[in-house]
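*Asks:* Sequence:
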Amino acid sequence: MAFEHQRAAALRILQSIELGSLSSPELFNLIEEADPTLVYLIFTWLRVRYRSDPAAEGVIGRMVELCKRYPSVTAQVKEGQADSVVEWFEDEYAYGDLDAQAFVALVVDKLES
0 MAFEHQRAAA LRILQSIELG SLSSPELFNL IEEADPTLVY LIFTWLRVRY RSDPAAEGVI
60 GRMVELCKRY PSVTAQVKEG QADSVVEWFE DEYAYGDLDA QAFVALVVDK LES
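So in numbering that gives the first Met the number 0, spot 86 of the sequence shown is number 85, and the numbers just go up one at a time.
Careful, some of the hints might be misleading.
[Said to hold, decoys possible] Ranges between beta-carbon positions, derived for each pair:
#1 Ser51 to Gly19: 18 to 24 Å
#2 Trp87 to Ser22: 32 to 38 Å
#3 Glu78 to Val47: 15 to 21 Å
#4 Val85 to Ser22: 24 to 30 Å
#5 Glu78 to Ala7: 30 to 36 Å
#6 Tyr92 to Ala55: 18 to 24 Å
#7 Glu91 to Phe2: 16 to 22 Å
#8 Ser51 to Glu31: 27 to 33 Å
#9 Ser22 to Asp98: 22 to 28 Å
#10 Ser22 to Glu89: 28 to 34 Å
No lab work stands behind these hints, which were simulated from the structure alone.
By construction, the Cβ of each residue, glycine as well, lies at the ideal position given by its N, Cα and C atoms.
Can you make the complete structure from the sequences, with help from the hints?
*Replies:* See below:
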C-alpha cells in the first residue's frame with residue numbers, strides 16, 4: 000500500500016508540473032514531502048522529455064518559478080542528485096525511454112526497496 004501511495008504522490012508532482020494543474024504553493028507542499036532523489040529524477044525526466052517539445056516553455060518555466068520562489072527546492076534537487084539511485088538509473092535507463100507512469104513506478108520501487 001505504501002508503494003501505491005508513493006507512486007501516486009510522485010505522479011501527481013510530475014503531472015502537476017507538466018500540466019500546471021496546481022499552484023506553486025500546492026506543488027511546493029508536495030515536493031517538500033518527497034524524497035530528494037525522487038525530486039531530482041522527476042525534474043531531470045521533465046527536462047529531457049521536454050527538451051525539444053513545444054510545451055517546454057510552460058513545463059520548464061514552472062520548474063524555474065518553483066525553484067526561484069522556493070530555494071529549498073533547488074537544495075532538495077541538488078541533494079537528490081548525489082544519491083546512488085540516480086547513478087543506478089542513469090546507468091540502466093535513459094530518461095526518454097520511459098513514459099511517466101513506468102518511470103515513476105520504477106523509481107519509487109527502487110527508492111522504497
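*Asks:* Of all the hints numbered above, which does this structure not satisfy? Sort the numbers upward.
*Replies:* 5
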